[in-house]
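**Q** Chain by chain, the residues:
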Amino acid sequence: MSLINVKNNTISEKLPSNITFADNQLTIAKNQVFDEPIKIVIHDQKHEELKILVKENTQVKIMLELANGAKDNNNYIFHFAAEQNTNVKYLLVSEVQSENALLEHYFSLKRDAKLELVGGFVSNKMVAKMSVDLLEEGAEVKMRAVAISSENHVQKVDVFITHKAPYTYGDMTNIGIASKNGQIILNGVEKIEAGMKQANAFQTLKGIITDDAAKIEVNPILLIDEYDVKAGHGATIGKIEESVLFYLRSRGLTLEEAERLVINGFLQPVIDEIEDEPLRERFVHLVNLRI
Amino acid sequence: MAVLEIKNLHVEIEGKEILKGVNLHVKSGEVHAIMGPNGTGKSTLASALMGHPKYEITQGEAHLDGVDLFELEVDERARAGLFLAMQYPAEVAGVTNSDFMRSAVNATSGKEIGLFEFAMRYEKEVENLKMNPGLAHRYLNEGFSGGERKRNEVLQLRVIRPKFAILDEIDSGLDVDALKVVGENVSSMINDDFGCILITHYQRILDHIKPTFVHIMIDGKIVLSGGQELIEKIDQNGYEWVKDELGIEFEGNGK
Chain P
1 MSLINVKNNT
11 ISEKLPSNIT
21 FADNQLTIAK
31 NQVFDEPIKI
41 VIHDQKHEEL
51 KILVKENTQV
61 KIMLELANGA
71 KDNNNYIFHF
81 AAEQNTNVKY
91 LLVSEVQSEN
101 ALLEHYFSLK
111 RDAKLELVGG
121 FVSNKMVAKM
131 SVDLLEEGAE
141 VKMRAVAISS
151 ENHVQKVDVF
161 ITHKAPYTYG
171 DMTNIGIASK
181 NGQIILNGVE
191 KIEAGMKQAN
201 AFQTLKGIIT
211 DDAAKIEVNP
221 ILLIDEYDVK
231 AGHGATIGKI
241 EESVLFYLRS
251 RGLTLEEAER
261 LVINGFLQPV
271 IDEIEDEPLR
281 ERFVHLVNLR
291 I
Chain D
292 MAVLEIKNLH
302 VEIEGKEILK
312 GVNLHVKSGE
322 VHAIMGPNGT
332 GKSTLASALM
342 GHPKYEITQG
352 EAHLDGVDLF
362 ELEVDERARA
372 GLFLAMQYPA
382 EVAGVTNSDF
392 MRSAVNATSG
402 KEIGLFEFAM
412 RYEKEVENLK
422 MNPGLAHRYL
432 NEGFSGGERK
442 RNEVLQLRVI
452 RPKFAILDEI
462 DSGLDVDALK
472 VVGENVSSMI
482 NDDFGCILIT
492 HYQRILDHIK
502 PTFVHIMIDG
512 KIVLSGGQEL
522 IEKIDQNGYE
532 WVKDELGIEF
542 EGNGK
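Just so you know, the sequences run in chain order P and D.
No gaps in the numbering here: position 190 of the first sequence is 190 in my numbering, and each next residue is one more.
No gaps in the numbering here: position 133 of the second sequence is 424 in my numbering, and each next residue is one more.
No lab work stands behind these hints, which were simulated from the structure alone.
Treat each hint with caution, since some may be false.
[Unchecked claim] With a straight-line cut-off of 30 Å between C-alpha atoms, the simulated DSBU-like cross-links for lysine-lysine are: (1) Lys501/D / Lys524/D; (2) Lys114/P / Lys71/P; (3) Lys345/D / Lys215/P; (4) Lys501/D / Lys206/P; (5) Lys46/P / Lys239/P; (6) Lys129/P / Lys180/P; (7) Lys239/P / Lys215/P; (8) Lys197/P / Lys125/P; (9) Lys239/P / Lys421/D; (10) Lys71/P / Lys30/P; (11) Lys501/D / Lys239/P; (12) Lys215/P / Lys61/P; (13) Lys239/P / Lys164/P; (14) Lys345/D / Lys180/P; (15) Lys215/P / Lys164/P.
[What the hints assert, rightly or not] Simulated restraints on C-beta separations: (16) Asn57/P / Lys345/D: 52 to 60 Å; (17) Glu217/P / Asp498/D: 13 to 21 Å; (18) Asn329/D / Ala235/P: 34 to 42 Å.
[What the hints assert, rightly or not] Computed from the model, here is a short list of chain D residues facing chain P with C-beta under 7 Å: (19) His343; (20) Ala369; (21) Arg370; (22) Leu375; (23) Val383; (24) Gly385; (25) Val386; (26) Ala395; (27) Ala398; (28) Thr399; (29) Val472.
From the three backbone atoms N, C-alpha and C, an ideal C-beta is built for every residue, glycine too.
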């Protein structure tokens with residue numbers, strides 16, 4: 001795995017030959033297949049510059065980690081662009097401890113670019129806006145995000161997917177889990193503009209609360225200005241089913257263990273994507289502190 | 292030897308009384324078959340003993356080796372040695388069958404079972420039950436067929452090894468071959484450390500699991516107890532004769 005530390009808007013490591021950094025842009029060369037993921041850690045409290053560009057025909061997995069420990073304001077703006085025929089897995093793990101954090105992350109995909117976007121949110125107070133533009137035919141994004149809030153945590157995750165070309169595909173499955181008085185707001189907006197025929201747009205939003213004081217709001221929104229499309233959306237919120245907890249407890253697991261098992265089950269698809277062992281362990285640990 | 296003692300058990304669901312004074316004394320080594328028409332409270336007895344929150348105990352007692360079950364939470368009852376094979380086990384996504392069972396073995400035995408020891412035990416039982424070995428890595432009951440779920444309940448029973456099991460209609464919906472496999476796997480467990488309550492409204496499972504006692508439950512009470520001779524009588528005459536013989540009235544299907 002290549003590790004890239006971003007601190008004071010600079011990178012001190014020597015980069016591999018197929019990755020370059022100039023004018024705040026990290027460029028990943030064309031026609032490459034990366035066997036190992038690239039992990040980028042943002043140490044800065046404010047970072048409004050970083051651009052990541054994946055050049056054509058390249059296949060790569062990128063893990064972006066936000067782990068700033070400062071309590072006051074955090075601001076992040078990132079841009080990601082994938083050129084033609086790229087195949088990218090992009091994992092974002094946000095665990096900043098700020099009491100007022102804003103994250104804006106813009107993604108744009110060109111012809112036949114495929115992006116698998118996975119987000120894990122275990123921050124304290126954060127508004128995260130993830131915006132994906134499908135710019136050209138064949139562009140495809142599959143997004144899965146989980147946000148876990150516990151005592152006094154408020155996390156809002158807005159996901160926008162905009163179909164700006166025909167034959168594009170967008171699918172999001174976002175899950176919020178809140179315990180104690182934690183709050184989560186999940187907004188999913190998918191827009192298909194006029195003339196973008198044969199576009200596919202799917203949304204699933206799920207909220208699970210383990211406490212009466214916890215709050216989750218989910219808003220799945222489809223804005224469709226074209227007839228020849230496929231689209232669907234669904235949303236559910238609730239506690240873990242009583243029958244499931246009864247079943248697990250009847251096998252000797254305590255209520256707490258049973259809830260943990262069910263919630264970890266929900267998170268498994270995201271956890272499986274975190275290939276970096278220490279990061280995965282820390283993420284699982286943070287999640288389990290919150291449930 | 293263990294004893295499960297139920298005395299004058301009354302249970303309500305949403306304000307309606309379903310069990311109206313059930314008495315049962317089960318010792319390890321014994322199989323108690325509870326038979327009766329649909330809707331007479333057999334499954335309520337099973338769920339109430341395990342502690343399903345929907346059921347309210349209004350009167351009576353249940354003790355396992357002297358421990359008051361109704362003072363215990365669901366999981367504490369399991370750790371005390373009680374097991375319920377459910378009629379409709381829940382699906383749990385993201386939790387693999389084998390991981391779940393290992394957690395259950397650890398929880399009920401109170402000590403960590405080694406990975407190797409667990410795998411040996413699990414695989415042996417999967418083979419005994421003629422189950423697809425691939426089920427170990429599938430999510431708990433997710434996408435399992437009806438028959439696979441019933442076998443999976445018996446698999447848990449055999450892996451967890453409780454003192455007492457309540458088997459709630461583990462025979463429903465099984466074909467003849469599956470019934471034989473399930474029946475034999477339960478039957479071979481009966482020994483000085485294990486007893487069970489077998490709830491059924493069919494007779495076929497009792498060809499494979501020979502009951503020590505047969506109880507007929509009607510309208511929330513055990514109205515008649517006896518031996519295997521009752522099975523044949525029910526097989527031939529349904530439950531109508533119980534009504535005449537005992538002079539009691541009940542609603543429900545006679546056969």
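**Q** If a hint holds in the structure, say so; if it does not, say that too.
**A** For each hint, the structure was consulted:
Between Lys501/D and Lys524/D the alpha-carbon distance is near 16 Å, which keeps this suggested pair within the 30 Å criterion. With a C-alpha separation of about 36 Å, the suggested pair Lys114/P and Lys71/P falls outside the 30 Å cut-off, and the hint is violated. Using a Cα cut-off of 30 Å, the hinted pair Lys345/D and Lys215/P holds, with the two alpha carbons roughly 25 Å apart. Distance hint between Lys501/D and Lys206/P is unfulfilled; the C-alpha atoms sit about 48 Å from each other, more than 30 Å.
Using a Cα cut-off of 30 Å, the hinted pair Lys46/P and Lys239/P is violated, with the two alpha carbons roughly 37 Å apart. Pair hint Lys129/P plus Lys180/P holds up; C-alpha atoms about 25 Å apart against a cutoff of 30 Å. Restraint check: the Cα-Cα separation between Lys239/P and Lys215/P comes to about 11 Å, which is no more than 30 Å; the hinted pair holds. The straight-line distance between the Cα atoms of Lys197/P and Lys125/P is roughly 39 Å, outside the 30 Å bound, and the hint therefore fails.
Note on Lys239/P and Lys421/D: the hinted pairing is violated, with a Cα-Cα distance of about 36 Å set against a maximum of 30 Å. Among the hinted pairs, Lys71/P with Lys30/P is inconsistent with the structure: their alpha-carbon atoms are about 39 Å apart, more than 30 Å. For the given pair, Lys501/D sits about 42 Å from Lys239/P by alpha-carbon distance, which is inconsistent with the 30 Å threshold. For the proposed pair Lys215/P and Lys61/P, the alpha carbon gap of about 34 Å is over 30 Å, so the pair is violated.
Taking the CA atoms of Lys239/P and Lys164/P, the gap is about 37 Å. The hint is violated against a cut of 30 Å. Restraint check for Lys345/D and Lys180/P: the C-alpha separation of about 24 Å stays at or below 30 Å, so the hint holds. This hinted pair does not check out: Lys215/P and Lys164/P have alpha carbons roughly 34 Å apart, beyond 30 Å. Against the hinted window of 52 to 60 Å, the Cβ-Cβ separation of Asn57/P and Lys345/D comes to about 58 Å, which satisfies the hint.
The given range of 13 to 21 Å is broken by Glu217/P and Asp498/D, whose C-beta atoms sit roughly 56 Å from each other. With their beta carbons about 37 Å apart, Asn329/D and Ala235/P fall inside the hinted range of 34 to 42 Å. Against a cut-off of 7 Å between C-beta atoms, the interface hint on His343/D holds, since the closest Cβ of chain P lies about 6 Å away. Look at Ala369/D: its Cβ gets to within about 4 Å of chain P, closer than 7 Å, so that hint holds up.
With 7 Å as the threshold, the beta carbon of Arg370/D comes within range of chain P, its nearest partner Cβ sitting at about 5 Å, so the hint holds. Because the closest C-beta pair between Leu375/D and chain P is about 5 Å apart, less than 7 Å, the hint holds. Hint on Val383/D holds. Least Cβ distance to chain P is approximately 6 Å, under the 7 Å limit. With a least beta-carbon distance of about 3 Å to chain P, the hint placing Gly385/D at the interface is held under the 7 Å criterion.
Hint status for Val386/D: holds, given a least beta-carbon distance of 4 Å to chain P, under 7 Å. The interface hint given for Ala395/D holds, since its Cβ lies 4 Å from the closest Cβ of chain P, which is under the 7 Å cut-off. Taken as an interface hint, Ala398/D checks out: its beta carbon lies about 3 Å from the nearest beta carbon of chain P, inside 7 Å. This hint holds: Thr399/D has a C-beta 4 Å from the nearest C-beta of chain P, less than the 7 Å allowed.
A least Cβ separation of about 22 Å between Val472/D and chain P goes past the 7 Å threshold, and the interface hint is therefore violated.
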